[in-house]
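Chains as they are written, first to last, in my numbering: chain C, 1 to 244; chain V, 1001 to 1279; chain E, 2001 to 2298.
Calculated directly from the structure, the hints in this document are not laboratory data. Yeah, the Cβ is synthetic: ideal placement off N, Cα and C, and Gly gets one too. There's no promise every hint is true.
Unchecked claim - Pairwise CB distance ranges (calculated):
no.: 1; chain 1: V; residue 1: Asp1141; chain 2: E; residue 2: Ser2028; range: 54 to 60 Å
no.: 2; chain 1: V; residue 1: Glu1276; chain 2: E; residue 2: Arg2024; range: 33 to 39 Å
no.: 3; chain 1: V; residue 1: Ala1076; chain 2: E; residue 2: Ser2028; range: 40 to 46 Å
What the hints assert, rightly or not - Counterexamples of contact, computed for chain C against chain E with all Cβ distances above 12 Å:
no.: 4; residue: Lys14
no.: 5; residue: Leu15
no.: 6; residue: Val18
no.: 7; residue: Arg19
no.: 8; residue: Gly66
no.: 9; residue: Gly126
no.: 10; residue: Gln158
no.: 11; residue: Leu184
no.: 12; residue: Gln185
no.: 13; residue: Lys188
no.: 14; residue: Asp198
no.: 15; residue: Arg229
no.: 16; residue: Val238
no.: 17; residue: Ser241
no.: 18; residue: Leu244
Claimed, not checked - Okay, the calculated bits of chain C under chain V, using three or more residues with CB under 8 Å as the criterion:
no.: 19; region: 159-172
no.: 20; region: 177-183
no.: 21; region: 221-228
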Amino acid sequence: MIEIESVSVDFHTKLRTVRALKDVSLSVPQGTVFGLVGESGSGKTTLLRAMMGLTAVSSGGVKIAGEAVRQNPPLAFRRRVQMVMQDCYASLNPAHTVDQIIGEPLAIHRFDNPEKRILQALKDVGLGPEHRFRFPHQLSGGQRQRVAIARCLAIEPQVMLLDEPTSALDVSIQAEIVNLVMRLQQQKGLTLFIISHDLPLVTHMCDRLAIMRKGMVREVITSQDLIERKVEDDYTKVLLSASL
Amino acid sequence: MSRLEIENLRVQFMSRSGPVPALRGVNLSVDGGRVGIVGESGSGKSTMGRAIMGLLPLTAQVSASRFRFADVDLLAASAAKKRALRGRRIGLIMQDPRYALNPVMTAGAQIAECFRLHHGLVCRAAKSRALDLLAAVRINDPETAYDQYPHQLSGGMGQRVMIAIALAGEPELLIADEPTSALDASVRTSFLGLLDQIIRERGMSLILISHDLNLVANFCDRVVVLYGGQVMEECTATDLAAPHHAYTRALAACRPSLTERLPELRTFTRDPAWLEAQP
Amino acid sequence: MNTTFAEWLTTDRPASRAQARLVRLTLSFRTLLANRLALLGLAIVLALLVLALAGHWFVGSPTDQVLANRLLPPSAEHWFGTDELGRDILARIVHGSQITVRIVLMVSLIVGPFGLMVGMVAGYFGGAVDAILMRITDIFLSLPRLVLALAFVAALGTGINNAIIAIAVTSWPPYARLARAETLSIRNSDFVRMAQLQGASTLRILFNHIAPLCLASVVVRLTFDMSGTILTAAGLGFLGLGAQPPQPEWGLMVAAGRQYVLDQWWVATMPGIAIFIASLGFNLLGDGLRDVFDARSS
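Only chain C is shown next, with the shape it has when bound in the complex (with noise of 0.2 Å):
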């Protein structure tokens, strides 16, 4: 579903050209949860950027449901592909209501009747008809990570970005969130990228996860191997062990 091949990246400043990305090469396939974890400054969040289309590859490339990435993608592809990211407060706009956020992306993609379809993703993210007029400054951060969620879903992507989905949560409120994130990848099917720097999440949410350091890709491990530590890249056991 996702193939990432030998993509680098260069930053160019008037001094000197800064490579954020060596040579990375991923592959997720369809139906399959993919980790990609790291601290500040490895890259991934340059590779979320070239994922989306958002920043120039400087070679390689990127392909998402068999279509090459560019910069400025058409329609379809922004439907196929959606986003949820860190700061849920800051990613809903303050002037909207909840309906109008889900509603958003359904009049761009032009899809029939809206009012069944936000109703439908508000009940697919555990919120009630009660939070559909509300302000996001009026939800709770669980109930605006929600809101967000929805709002992806509402136009039935296939693939999903997540961005520290839960960082700014509470542990208890991340539970719930994860749970609930699971459990709609399960019934949709849907294929999922979580980028975070907690390697415990990451673990129990995806089937594969690679560790990223100084933009190229340490190692690709399955989330069973790591549980039983069977590790072979150094700064990966740096990492675990820090997270213990």
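Position chains V and E against the provided structure of chain C, taking the given hints into account.
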């Protein structure tokens, strides 16, 4: 060793729609050692730290049957007396150095300022003491770091500068409010090692405020679990492996684990009785 | 029935979009009502509108001259006195309110949307578009407002419509700056990026996501500026470049009363008070509206 004694501390914030309670009768006593305050957002843990530092906004109403640090009554103390306490006898480390440091002053100047303020040192002496302190918080090249502005420092370096500023007043009590949540996992380990060493060497008390049960259990001697502005449980860190209160148990259980893979993360419903159990 | 309707209007779980909108309006209105001065402002503005719409049915003609009644002081027959041609000042003020309201509304309807558009486009696209649009704005901003308006009226000819155009042309730049500043602060926010990632077109982002957030400050600013508009219109009238005699424009009336101000004070004072009260009303209302928008966003 100076004692911090808090009995029945209540804090409420005045808002348009009436008073909002943040702390509802909290007891805490710190007499040396390390105390961890754990809670989720909205539990009142940060309010607690600010109340001790005297940094609550004007809309806050504070009451307590006992609220003292050493010989100072924190409820009755004048603003000047509280100011003399802050930085000098109680140090504070905040969550994110990017926001807590002054962006238009070099790191060194901010540390030297503390020496001038608290110890009345003149420029050169203050600078040399600041450089000593930068070395003490294991910054490799203190001379360079002294002249760097906060945006030129990495997260870990910034947090070390924060410790240096807190240490400059040679406080007896250090309050650290989520000191590691802006740091990467690998940096966090070395930062905690440094904090551990400094507290041991200087014989300070520490109040560590965090949302991370694991961190507090590993780093502190005693743990206070806050929920809804009330203490749910107070126990030694070792007892946290088998907590008594249902809330603490539930909180510990819902973290994803690296040793087993559960089909679902555990969640819990909040029992209203947790908040009624105490008078 | 009455209580259930009140509940229906303030429920926190409305059943439809229309009800949600009404609930929001009710709550905003309540915030406005909580501010006494804003309430006074609202009352003045409403009174001015009523006066403009219905006032002329209750007073005589503003242009009927009775030279025998020149410069009569306020009395039971002529509440505000009469002017140098024996016209009833009250009737002239009431009819003049139509002109004032027309100027204020027309200027606001031209200036608000135009400034908003220029500012949003400059702020959102940045770069050369921003530079060109903002330099044009700067040119208009750097010229003294009344002098520029004078130049326009001199070029276009006198009259109320030309005064409206002149005031509009000279007062849009602050709105462009305001909208640009607001746009810049939200252009790179996550929710705008999210809209882009969902495939929203640029027009859609500008009108659906950015405009509603700029609108609050633009409306507040418009309300504040309405008093300035009244004063500028009066100023143009006073200088003889706006409304022309015998139109009952308030500024013109003050100008005409100037030569009698020492002996027949009411001729200039009455329209002056009208200008003052109308300006005050818009200013107080603007204050209250700002509270309402602040309450919504926090």
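Status of the hints after comparison with the structure:
1. Roughly 57 Å separates the CB atoms of aspartate 1141 of chain V and serine 2028 of chain E, a value that falls within the hinted 54 to 60 Å.
2. Separation of glutamate 1276 of chain V from arginine 2024 of chain E is about 36 Å and conforms to the stated range, judged on CB atoms against 33 to 39 Å.
3. In this structure, alanine 1076 of chain V and serine 2028 of chain E meet the distance hint of 40 to 46 Å, their C-beta atoms being roughly 44 Å apart.
4. With a cut of 12 Å on Cβ distances, lysine 14 of chain C stays outside the contact zone with chain E, its closest approach being about 18 Å.
5. Every beta carbon of chain E lies more than 12 Å from that of leucine 15 of chain C, the smallest distance being close to 23 Å; the non-interface claim holds.
6. The claim that valine 18 of chain C is not at the interface with chain E holds, since no C-beta of that chain comes within 12 Å of its own (minimum 21 Å).
7. Its beta-carbon lying about 24 Å from the closest one in chain E, arginine 19 of chain C satisfies the requirement of being farther than 12 Å from that chain.
8. No Cβ of chain E comes within 12 Å of the Cβ of glycine 66 of chain C; the nearest lies about 19 Å off, and the non-interface call holds.
9. Residue placement check: glycine 126 of chain C keeps its beta carbon more than 12 Å from all beta carbons of chain E (closest about 16 Å).
10. With a least CB separation of 15 Å from chain E, glutamine 158 of chain C remains clear of the 12 Å interface cut-off, as annotated.
11. Taking the minimum C-beta to C-beta distance to chain E, about 18 Å, the non-interface status of leucine 184 of chain C holds against the 12 Å cut.
12. With a least CB separation of 20 Å from chain E, glutamine 185 of chain C remains clear of the 12 Å interface cut-off, as annotated.
13. For lysine 188 of chain C, the shortest C-beta to C-beta distance to chain E comes to about 18 Å, beyond the 12 Å cut-off, and the non-interface label holds.
14. Against the 12 Å criterion, aspartate 198 of chain C stays outside the reach of chain E, whose nearest CB is about 20 Å from its own CB.
15. The beta carbon of arginine 229 of chain C sits about 37 Å from the closest Cβ of chain E, which is more than 12 Å, so the claim that it is off the interface holds.
16. Listed as outside the interface, valine 238 of chain C is consistent with that label: its C-beta sits roughly 31 Å from the nearest C-beta of chain E, beyond the 12 Å cut-off.
17. Remark: the non-interface label on serine 241 of chain C is consistent with the geometry, its nearest Cβ contact in chain E lying 33 Å away (cut-off 12 Å).
18. At the 12 Å boundary, the C-beta of leucine 244 of chain C stays outside the reach of chain E, the nearest C-beta of that chain being 32 Å off.
19. Counting residues of the region 159-172 of chain C whose CB lies closer than 8 Å to any CB of chain V gives 3, so the stated coverage by that chain holds, three being the minimum.
20. For the region 177-183 of chain C, the stated coverage by chain V is satisfied: 3 residues place a CB nearer than 8 Å to a CB of that chain, which reaches the threshold of 3.
21. With a threshold of 8 Å between beta carbons, the proposed coverage of the region 221-228 of chain C by chain V holds, since 4 of its residues qualify and at least three are required.
Against the hints set out earlier in the document, no violation occurs for any number.
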